[in-house]
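Please model the entire structure based on the sequences and the hints provided.
Number of protein chains: 2
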Amino acid sequence: MRGTVIHAPGDIRLEERPDAAMTAPTDAVVRLSATCICGSDLWAYRGVEPVEEPHPIGHEYVGVVEQVGADVRNVEVGQFVVGSFATSDNTCEICRAGYQSHCVHREFVGAAQAELLRVPNADGTLVATPGMPDADLIPHLLAASDVLGTGWYAADAAQAGPGKTVAVVGDGAVGLLGVLSAKQLGAERIIAMSRHEDRQRLALEFGATDIVTERGDEGVAKIKALTGGLGAHSVIEAVGTQESMMQAIRATRAGGHIGYVGVSHDVELPGEELFFTGVHLHGGPAPVRRFLPELIDLIWRREIAPGKVFDLTLPLDRVAEGYRAMDERRAVKVLLQP
Amino acid sequence: MRGTVIHAPGDIRLEERPDAAMTAPTDAVVRLSATCICGSDLWAYRGVEPVEEPHPIGHEYVGVVEQVGADVRNVEVGQFVVGSFATSDNTCEICRAGYQSHCVHREFVGAAQAELLRVPNADGTLVATPGMPDADLIPHLLAASDVLGTGWYAADAAQAGPGKTVAVVGDGAVGLLGVLSAKQLGAERIIAMSRHEDRQRLALEFGATDIVTERGDEGVAKIKALTGGLGAHSVIEAVGTQESMMQAIRATRAGGHIGYVGVSHDVELPGEELFFTGVHLHGGPAPVRRFLPELIDLIWRREIAPGKVFDLTLPLDRVAEGYRAMDERRAVKVLLQP
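Just so you know, the sequences run in chain order A and B. Numbered per the numbering used here, the first sequence spans residues 1 to 338. Numbered per the numbering used here, the second sequence spans residues 1 to 338.
Derived by calculation from the structure, the hints in this document are not laboratory data. Hints may be right or wrong, so weigh each one.
Pairs involving identical chains hold if they fit within one copy or between any two copies, as the list cannot separate such chains.
[Unchecked claim] Below, simulated SDA-like cross-link-like pairs (lysine to any residue); rule was C-alpha separation at most 25 Å, straight line:
#1 Lys222 with Arg96
#2 Lys183 with Glu93
#3 Lys308 with Val64
#4 Lys222 with Ala97
#5 Lys222 with Asp198
#6 Lys308 with Glu197
#7 Lys308 with Ala24
#8 Lys183 with Glu214
#9 Lys183 with Glu303
Keep in mind the model is a prediction, meaning the values are calculated, not measured.
Printed below as a string of structure tokens:
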């Protein structure tokens, strides 16, 4: 099969690799209909995370089940499925509490920019769609695999809902889908922080009511000005830097909630400042599996169109071009067709 | 009147000062029946916090209303009242959300180790008891003013409740009353982390089911061993140091809740580690006012006896001796009689 391998920062190659194959009776193998490039893949691509040795990459996927292990009960060969980047048994105490991304049997998916993917813990990870999706639904279902699931989790962690003012730090695909999620959860007012016109347009289409172009302290001052001096009830943080975390913390009112899902890089939270803010802080790797049934249903009924974050579609063999486009911010998110 | 002034680290004096007097029509003046020394007073006493110039000190109080301003409606001269260290109007948006310690009109109390105390925002700060309390109830009511209210808030923020295993980091008065609070909130199992026999005894009396004497990584390993390798559902942090915060974070299972109320000193939380824990973090200065009616009711009906944390009672003129006893850990908490 063809699969993507990162050799070093900036060095992405599509290579001929052994077909993905089951290694445990709880595995499944999925023939991918679509995969994509995540903002978090760029950390390695940009050299912010080390690439110790060449390794397969990619963790977002939808496709058709091609093989299932002897112990798999919940999905069948031929079904169209959506899965999460963190596999889960969906039966342990942590999973039952809704934190499948921390399942005691978790394995992270890391070879999804390919034709075939082995999925561990298939029963607790994969969710079948009601039938074979129309082609136009595939980007939306693919978004559910991570970027929508993560934005949704952030909105949920930030307790976005009726009567709430939600601010969103980060206008990447996760931030934009945080806007969509907050809207779906019933938020009254959604402030997108973005300085890029194309992303602002998408944020407004997804339900943003206000756009703030300022960043850092100025951005915080703007959020306060829009919220009677108090700060937002709910803040979604979808970047993962020191600046974005502090912007999120400072833009939240006392007693408010921050849902942070940008993978933290070189972040140190000052304890004393955090203490005196009185905010709630919750986040981390999103338990996408918790939300998948609901998200698939919303997509299937065409109530949401999260796939709009894909503004560039390429065949898998042009994966390197996709990374370049995202790295250079020419694309919000790139869909790859195997 | 006589009032306590801190002149420098280690230098506490009871002095003759002007009588506390109203400065706004929303003030009240309370003649104190009892006051006490807080663990947080020791930060200045020990020189961890600077003492820029001599200033009055103390923020826990109960007593009888002696004067009320023209705008005060909710309390009357002659009533016995309990108040919080953070005054609040109890009507602003932040107060109505239950975060009175962050009220837009908040003023911190800082002169309560005295005979008389001016209380700003009297209507939204003071809660009257159903009548004049019996003398034996006074220590319990005094505890509600901060140390119980803070422990209760920590237990609430940590979502202690039925079916939950709660770990408590810190065996000072707040940690011990965190144990009592978790018990009242219905926690199934309460693990007190303490290496002092007298405090262990009180923790067990307040409802602890397990005692862990280890600290740091060893303490975390012990909590994990007691919780099937997962960590506690709920962790109360009642110290405020880097070690205690990391102990709390690492002892919590993914998706679990930390209620942190130890005033943070020199704490930097590592973003990446926090991210991958998936815990909820909430705390800060406790909105004691939110809980006062319920706490007073529990004390009035003699269902809880939080005043047991006072293991030394001194007349106010021996306040310096009280600080020394707490600093040298000869006392858990010192009650002062004006």
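Ascending list of hint numbers which this structure does not respect: Failing hint: just 7.
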